[in-house]
Structure formats: structure tokens, C-alpha cells
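Chemist: Fit chain C to the known structure of chain R by using the hints.
The listed protein sequences correspond, in order, to chains R and C. All letters in the first sequence, in the order written, are residues 1 to 277 by my numbering. All letters in the second sequence, in the order written, are residues 1 to 277 by my numbering.
Keep in mind the hints are simulated off the structure, nothing from the lab. Check each hint, because a few of them may be wrong.
Partner residues are not named here, just some residues of chain C that face chain R (Cβ under 10 Å, in silico) [unchecked claim]:
1) L109
2) K114
3) M149
4) Q162
5) L211
6) L231
7) W258
8) E267
9) Q271
Footprint (simulated), chain C over chain R, 3 or more residues, beta carbon under 8 Å [unchecked claim]:
10) 151-157
11) 179-192
Fair warning: this is a prediction, and the values are worked out from it, not measured in the lab. We treat Cβ as the ideally placed atom computed from N, Cα and C, and that holds for glycine.
Here's the letter readout for the chains.
Protein chains: 2
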Amino acid sequence: MDAPRPELLSLNTATVREKWNLAQMIEGCARHGIRGISLWRDKLDELGAAEAAHMIRAHGLTVTGLCRGGMFPATDQAGREASIRDNLKAIDDAATIGARCLVLVVGGLPAGSKDIAGARAQVRDGIAAILPAACAAKVPLAIEPLHPMYAADRACVNTLRQALDLCAVLGDGVGVAVDVYHVWWDPELEDQIARAGREKRLLAYHICDWLVPTTDLLLDRGMMGDGVIDLPRIRGWVEGAGYAGSHEVEIFSAGNWWKRDPDEVLEVIIQRYASCT
Amino acid sequence: MDAPRPELLSLNTATVREKWNLAQMIEGCARHGIRGISLWRDKLDELGAAEAAHMIRAHGLTVTGLCRGGMFPATDQAGREASIRDNLKAIDDAATIGARCLVLVVGGLPAGSKDIAGARAQVRDGIAAILPAACAAKVPLAIEPLHPMYAADRACVNTLRQALDLCAVLGDGVGVAVDVYHVWWDPELEDQIARAGREKRLLAYHICDWLVPTTDLLLDRGMMGDGVIDLPRIRGWVEGAGYAGSHEVEIFSAGNWWKRDPDEVLEVIIQRYASCT
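Next up, chain R with everything else stripped away, as it sits in the complex (with noise of 0.2 Å):
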């Protein structure tokens, strides 16, 4: 296999959002020489879509996705309108940012809520709602299923299986976000990806590792090498199966990487995708 291509490494800012602002991270991005970032809105929202995209252009960055869109399911209507709502504003800025997909973490169950299947049905139809504004602004809906961990509280697309049915139900303009986080441990990775890949679904690839032990269910993954997780073989499957996107590194690390200096997170990160991945 070839090693992996340095202009295909994206930043997702998730993986330094304690200590640097946005203009920090695309500033750093160009001075490490990572052509893409992918952005989260509570940090586009420093400066604004707009300013931003200007800004970007700018630095000659790819913006390789913007997180996140979701959070379909709600206890009631007037809670499904304002996430349908907030979602086509997502969907403007992905657009004005020029970002290759807009990622979604559907949401889990309702407060109060024990059906999954229910929340489920209400992650169909918010997609669903939204996709003419997506298709329409050019904007890929990219569904990222989430480690079955989150099921309750962030997201109840769990596999890649469940995520490619509900792209089938769906039709064009939505995909899967793949994050080896997420679906590292599932029997049916290698056939799941080839089979996004024969559908055309295949948006974005993100890559981290999988600690052992792991000590907080959300904060506390890995940089790439110091895990479980066979990067090269996933890499294998995701670059077989046709994608030819960017490869984003995002880290959620409360204790580690969130606590270092951002520009020796980077430095890290590149040899790391070098190496390891």
C-alpha cells in the first residue's frame, strides 16, 4: 500500500479548540503546511461565515467539512422545527465556507424518551427535511455514525450498515462521515466501506485512535499510533473503496492534547499521519 499523501491531512480544529481561536487555526494550518481544516460552528461563529471563507481562501485552505448539523430528535414539534431551522443555517454556512460536506451527528433519544426506534424514525424525516435546501445549496449531508456509546445522548446511527440503509431511504445528496473512532470495532467494516464506496457515499474519513484503557467516554481519545486501531488496513479499505478525500484528524483529549500548544500538536499529528496511518 502507499503511504498516505500529506496534502490529503486535514486539521479538524475539534483536535486544538482549547487554546487556539479560528484565525489561530487556519493561521497554523498554512505554517504547518495542513491544506485542509474542518471547522465547528461555535468557533466559525468568531468571526462569521463569510469573514471566515475570506480568510481561508486567503491561507489556500480546503475546508473539508463543517461539523455539525443533526440533533433531529425532540421531545416535540416546536423541538424538531428549531433543529430544522438551525440545520439550514448550517447548511448556509457550509455552503458560504465552501465545505465539502456538512457532517451530521443525528442526535440520540428525547429526554425522558426510552425509543430509540422513535428516534430513530425522527432522524429519517429531519434529514429528510432538510435535504432539498442541501441539494439545493450543493452542501453533501454527510452521516457520521457514532460509537454505540452514544446512542443515547449524541447520536443513534450506530454503524456504518445502519447509516448506508438510511442514505438508501434517503436517495441523493447525503453520504457517511467514516471516523475510525466510531467504527474501528465493527465485524462488518471492510464490506460496509466497499459497499459505501459501490453507492457513491463515501464523504469524509476521519481519523484518531482508541485508547486502552479509556478512561472518559467522550474526551479521551488518541493520537494516531498510540491506540488499537489498525489505521493502514482501514486507510486500505476507505482508499480501495474509491474515496479520495481528505484524511481529518480529530482528537477529543481533555487531558492530553487539549492541554498541550497547539503548534506542537500539529507537528505531532504530521509525523504521526506519516507513520502511522
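Modeler: Same frame as chain R, now just chain C:
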């Protein structure tokens, strides 16, 4: 749907492991009218299998399972052989105490390995190696698919579909333990439970609840009713699939239930079993 039948309630003794020894667990079940008990091997060793069997019979309890065999993957042949020997000992003990099944927590990645497919092959081979002894001893082996968050360090069998596929390869004498904590999120759960019934693989049913938030990956399980799992719905699927065995309460809870008086815990279990499952 009918109410849960009290005579099917079983106590997995992990639920009261911090404050009671095995003799207290046996006496406690009898005192509270709980007619099933599932043992862990560390506690069984307190009395030895023969003495424990005598005491369990004297108190009129059914042994719904012995926890646990498994842990097959190892870095070398010597490690794999040691695991086989340990599993054969577990089969002997399960037979001595009349356990309805030996629960297998199959093991994760060997130290230093990133080869989860290889670990899964070692699991298959390990179970195949002990299956003749299990059949001879009339001890069914119950593969327990564990939540994907344990794939690296506890069990690389992570969905009911995967466990049933493995059973199909292995043949007679092996089935599955369905623990709601591990499988509640699975979009295929209803279908795979029905399949398990058709294929005569349903050997055990374990209940507890998934808390939101969950603060620890291992030791923060909830009492039935305190979380988001739709227990009556899943029981309906399990019973609809023909399962007529016990409903075993297994709660790992370092911060809450393990700290309480076990007599209080058993009272709450009996109440919640009736009202929430």
C-alpha cells in the same frame, strides 16, 4: 404483554460482590425469594464447587449461569493453551454446580496487537477447542456479545449477529447470552433475537439499565428503570423468540449499588423487576 414472572428472576452475584461472600449471596437469594443465582468464579472459589453446589441445592436455587469462561486471545501459543486449561476447569465447575450455561466473555486484543480479525479467529479456535468437553459435560457455552466499547480489552464479539454467525460456524453446544446493556443500541436487535430463537441459541438473558450520562465505561451500570433501555420491549422480543429461562440481574456499579446494603439492593431488584422490565 404479560408481567414478568417472579420465579424467573435470577441474581447475578456481581451485583452484590463488594459486601457479600458466596454463602451470604446464596442465603440472601433464598431469604428474599429469588430462585435463580448466577455465580462468578472468584466467589465460587471461596467455597469450592462441590461445597457451593451442596449449599445451593440445600437452598433450592437454580444456577442460571457461571461467569465466566473465555479470554481466549493471547500473544503466544502458551498463553492460548493456558486459556484452554482455564476454560476446561470452568466447564468442570459449571457441571459440578449444575449451571445452565457457562458464560463466555471471549477476550479482546492480545497485548500489543491491533489485529482484531486475528483476535476473532483466536476466539473461534478457542471455543472450538473446548466445545467437545462442554458437550460431554452437558454444559452449554453462552457467547456473550459485549458492547463495542469493550472490543479492545474484554471481548471482540460485539453484536448478536456476530455471535450467532460464530455459533453457526461452531455447531451444537454453543449459544448466546443476551445482556441488554451490551446490545440495547443495536438497530438489528429485534431481528437477531428472533434469529437466535429460530436457531435455538438463546441460553441466557441479563438485565440492568444504561444510565445517561454514563460516567465509567465498566462500573456505572444502572438499576432497571433508572436508564433508557426499553426493557419490556426487549423482554417481549426474547420471550417471543421462545426463551423461557431466567432473567438475570447483573449490575456493575462501583459508585452506587455496590456501596449499598445488599439486602436493600435485593429489595429494589424485586420491585424494579416487577415494575420496569
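Chemist: For the restraint on L109/C, tell me whether the closest CB of chain R is nearer than 10 Å.
Modeler: holds (6 Å)
Chemist: Measuring from the C-beta of W258/C to each C-beta in chain R, is the shortest one below 10 Å?
Modeler: violated (19 Å)
Chemist: So, as I understand it, the hint says L231/C touches chain R; can you test that by seeing if any CB pair is closer than 10 Å?
Modeler: holds (8 Å)
Chemist: Quick one: see if chain C covers the segment 179-192 of chain R, three-plus residues with Cβ-Cβ under 8 Å.
Modeler: holds (count 4)
Chemist: Closer than 8 Å Cβ to Cβ for three or more residues is the test here. Does the segment 151-157 of chain R pass it with chain C?
Modeler: Coverage by chain C holds here, the residue count being 4 at a Cβ distance below 8 Å.
Chemist: Against chain R, run the beta carbon of M149/C and see if the smallest gap drops under 10 Å.
Modeler: Constraint on M149/C satisfied, holds at 5 Å.
Chemist: Given a cut of 10 Å on the nearest C-beta pair, is the interface hint for E267/C held or broken against chain R?
Modeler: violated (24 Å)
Chemist: Taking 10 Å as the limit, does the beta-carbon of L211/C come near enough to a beta-carbon in chain R?
Modeler: Holds: closest Cβ of chain R sits about 9 Å from L211/C, inside 10 Å.
Chemist: Would you settle whether the hint for Q162/C is holds or violated, based on the nearest Cβ-Cβ distance to chain R being less than 10 Å?
Modeler: holds (5 Å)
Chemist: Hey, does the Q271/C contact hint survive, CB to chain R under 10 Å?
Modeler: violated (19 Å)
Chemist: Verify the interface restraint on K114/C: the C-beta must sit less than 10 Å from at least one C-beta of chain R.
Modeler: holds (4 Å)
In this structure, the hints that do not hold are numbers 7, 8, 9, in rising order.
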